[in-house]
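J.: Read off the chains here:
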Amino acid sequence: MLHPEEEARFAQLVLPHLDSANNLARWILRNRADAEDVVQEAMLRAYRFFSRFRGGNARAWLLQIVRNNCYTWLEKNRPAELMTEFDEELHLRPAATPESLAAQADEHRRLKDALQALPPRAREVLILRELEGCSYKEIGEITGIPIGTVMSSLSRARERLQQILTRTAAKEAS
Amino acid sequence: MNCELSHSTIHGYFDGELDAVRALEFERHLEGCTECQSALENLETLRARLQQGNLFEPASPQLRERIRKQLLGAAKTASGPRLGWQRWFLLPSFAALTVALLMLAMFLTQSHRQEERVTAELIDAHVRSLQPGHLTDVQSTDQHTVKPWFDGKLDFVPPVVDYSDRGFPLLGGRLDVLEGHDVAALVYSRRKHLINLFVWPSRGGGLNLASSGSRQGYNWMAWQSGDMSFYMISDVSSADLRELRSLIHP
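One line per chain: the protein sequences are Y and U, in this order.
According to our numbering, the first sequence is numbered sequentially starting from 1.
According to our numbering, the second sequence is numbered sequentially starting from 1001.
Calculated directly from the structure, the hints in this document are not laboratory data.
Quick caveat: nothing in here was measured; it's all calculated off a predicted structure.
Even glycine gets a Cβ: it sits at the ideal position worked out from N, Cα and C.
Treat the hints loosely; a few may be bogus.
Unchecked claim - 20 Å max Cα-Cα, derived DMTMM-like pairs, lysine to aspartate or glutamate:
#: 1; chain 1: Y; residue 1: 137; chain 2: U; residue 2: 1116
#: 2; chain 1: Y; residue 1: 171; chain 2: Y; residue 2: 106
#: 3; chain 1: Y; residue 1: 76; chain 2: Y; residue 2: 41
#: 4; chain 1: Y; residue 1: 137; chain 2: U; residue 2: 1017
#: 5; chain 1: Y; residue 1: 137; chain 2: U; residue 2: 1031
#: 6; chain 1: U; residue 1: 1069; chain 2: Y; residue 2: 41
#: 7; chain 1: U; residue 1: 1069; chain 2: Y; residue 2: 34
#: 8; chain 1: Y; residue 1: 137; chain 2: U; residue 2: 1004
What the hints assert, rightly or not - Ranges of calculated distance between the beta carbons of each label pair, as one might list FRET restraints:
#: 9; chain 1: Y; residue 1: 56; chain 2: U; residue 2: 1102; range: 48 to 54 Å
#: 10; chain 1: Y; residue 1: 79; chain 2: U; residue 2: 1159; range: 47 to 53 Å
#: 11; chain 1: Y; residue 1: 12; chain 2: U; residue 2: 1152; range: 53 to 59 Å
#: 12; chain 1: U; residue 1: 1020; chain 2: Y; residue 2: 152; range: 17 to 23 Å
Said to hold, decoys possible - Covered stretches of chain U (in silico footprint by chain Y; criterion: 3 or more residues with CB under 8 Å from a CB of chain Y, positions within the stretch not fixed):
#: 13; stretch: 1043-1053
#: 14; stretch: 1155-1166
#: 15; stretch: 1233-1245
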């Protein structure tokens, strides 16, 4: 299928973004095992369709495939998640006693819970921007959100995350 | 008071996505708008928390291995539930595919071994550099002092840029050796922590390192740009490393 040179190009351009692929899938699906399955399939897909890659941004190209596979998987396996606006159940999970855990682990859990309470589409733009450092253009390419609305999507996602974190902090203080 | 801009434009400004004219306009507005000032602070706090929260989830070694095997396995059987209809698609070029996938698998295995070795070597180099007197041969925060220092010592010119204004001051540089070749080592600091950035010419494909990882409490990140290979290692968070990387290659 791929010529040896193409093979090397795939290994050089696409494989290095495996960590990013895993990170995105992990955050969209909120589960390690499911994310790994989807990433594995996405990698095979990327490999098969590598001839369609026209050069340019290999990370965005791969993440777009990963992202689409994640949503296909969600539609099939957990369609309810695509409907829920906000995951109350997760959000309302009682906080561990702050003094029982090291401060850093506590902060990690707090952020993770807050992110996971967001709807997947809000979560993904935050992950792409804050953890991947993607530009608006790249976020648009990966998610299919028109570039003009990337800013407002991020704005809404950040505000919601901020609200959840504020509420968590209030709950922990009380 | 509810400033409209604190919900919209401020995000573009914060993310560096406004054009110069709109950024300037917003800065003028910001001077007089306390709501936007505090919103901006909140955005900065939120970003810092997210980036320092250890939230990035790199691929596990198990997943890496599974992908390697899968690409190999696909060549061997070209069947199984995963492939479905695509097996028909694969059949005509089955031999070619087998050869190609075997090459890729060999490439991955080899690069895995090489990766282990090089990663260990780079961690050693990093640890060695932290010994007193070993960090820098040329100690200067001035890129115009550090860059010429490498002249005549290496057969390539490493890019030397100080990022003090972005929170990564350059401390200096030194020569180091990796896999028997001379490499340039640039030293940056991040909140009192040290970051070693190794730079060397890729020479025919260069080293095949995974893009990032962590071991023994050190985070590292590797990439290639043009004909140069870059490898960064430190005890700072992987978010910090990604930030420095994006400064070096936006």
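J.: Report the numbers of all earlier hints that the structure fails to satisfy, in ascending order.
T.: 1, 5, 8, 9, 11, 14
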